[in-house]
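Engineer: Here is how the chains run, residue by residue.
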Amino acid sequence: NAGVMQNPRHLVRRRGQEARLRCSPMKGHSHVYWYRQLPEEGLKFMVYLQKENIIDESGMPKERFSAEFPKEGPSILRIQQVVRGDSAAYFCASSSGQVKAATNEKLFFGSGTQLSVL
Amino acid sequence: EDKVVQSPLSLVVHEGDTVTLNCSYEVTNFRSLLWYKQEKKAPTFLFMLTSSGIEKKSGRLSSILDKKELFSILNITATQTGDSAIYLCAPKGGGSNYKLTFGKGTLLTVNP
Chain B
1 NAGVMQNPRH
11 LVRRRGQEAR
21 LRCSPMKGHS
31 HVYWYRQLPE
41 EGLKFMVYLQ
51 KENIIDESGM
61 PKERFSAEFP
71 KEGPSILRIQ
81 QVVRGDSAAY
91 FCASSSGQVK
101 AATNEKLFFG
111 SGTQLSVL
Chain X
1 EDKVVQSPLS
11 LVVHEGDTVT
21 LNCSYEVTNF
31 RSLLWYKQEK
41 KAPTFLFMLT
51 SSGIEKKSGR
61 LSSILDKKEL
71 FSILNITATQ
81 TGDSAIYLCA
91 PKGGGSNYKL
101 TFGKGTLLTV
111 NP
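First to last, the sequence lines map onto chains B and X.
For the first sequence, my numbering gives the first residue as 1, with consecutive numbering after it.
For the second sequence, my numbering gives the first residue as 1, with consecutive numbering after it.
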């Protein structure tokens, strides 16, 4: 009964390097969401993807951040040229997309990736 | 801008106590409200509330929504040390039917 799987759990990068965060949704789920949690802050929506489609990226910084959810394989959140302010916990959630009224969709979260930028 | 305020920010109780956690929200086009428990890292789903006045229960936890007054409460009776966690409230809305707006959470500590 695998839930949402994220890896790595911890990622350390130096300023200017690239960070790649992976998320495999729950079995049977085709919708993926990325959220970011800064210290002392609530989780903030970043992006919503379905297979091969970005549905809503309104919460993503315009530069350096990108996300994909290919037909095969996990969803990837990519941060290029990381800066100290990118240090945060990045959470992935998934939902089935099968509930008739999307309002009633429940989101299930992974354990997150803690990104530390030195 | 959508806003969620949870109170108290932190709470320390003894095992066996009953606690009430509060969540007030201002969200455009409100759809539903979800509660999560965050231990260590992974937020774990607790409840989803869509209608006012209908209490959801799961063991010692229960929750209710008031859509007119824009708040929800989470009750935990006979608390146990395993209930220690951050409890997150997240209404869904804000112009979409999928986007959750999270509060900062209530940190509950249950001492033996």
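Among these hints, one or two may not hold up.
[Claimed, not checked] Only pairs whose alpha carbons sit at most 20 Å apart, straight line, appear in this in silico EDC-like list of lysine to aspartate or glutamate:
id, chain 1, residue 1, chain 2, residue 2
1, X, Lys41, B, Glu18
2, X, Lys3, B, Glu52
3, B, Lys44, X, Glu39
4, X, Lys37, B, Glu41
5, X, Lys37, B, Glu40
6, X, Lys57, X, Asp17
7, B, Lys44, X, Asp17
8, B, Lys106, X, Glu39
Derived from the structure by calculation, the hints contain no laboratory data.
Engineer: Now tell me if each hint is right for this structure.
Structural biologist: Hints, one by one, checked against the model:
| no. | hint | verdict |
| --- | --- | --- |
| 1 | X:Lys41 x B:Glu18 | 23 Å, violated |
| 2 | X:Lys3 x B:Glu52 | 31 Å, violated |
| 3 | B:Lys44 x X:Glu39 | 18 Å, holds |
| 4 | X:Lys37 x B:Glu41 | 16 Å, holds |
| 5 | X:Lys37 x B:Glu40 | 16 Å, holds |
| 6 | X:Lys57 x X:Asp17 | 18 Å, holds |
| 7 | B:Lys44 x X:Asp17 | 32 Å, violated |
| 8 | B:Lys106 x X:Glu39 | 19 Å, holds |
Of the numbered hints stated above, those contradicted by the structure are hints 1, 2 and 7, listed in ascending order.
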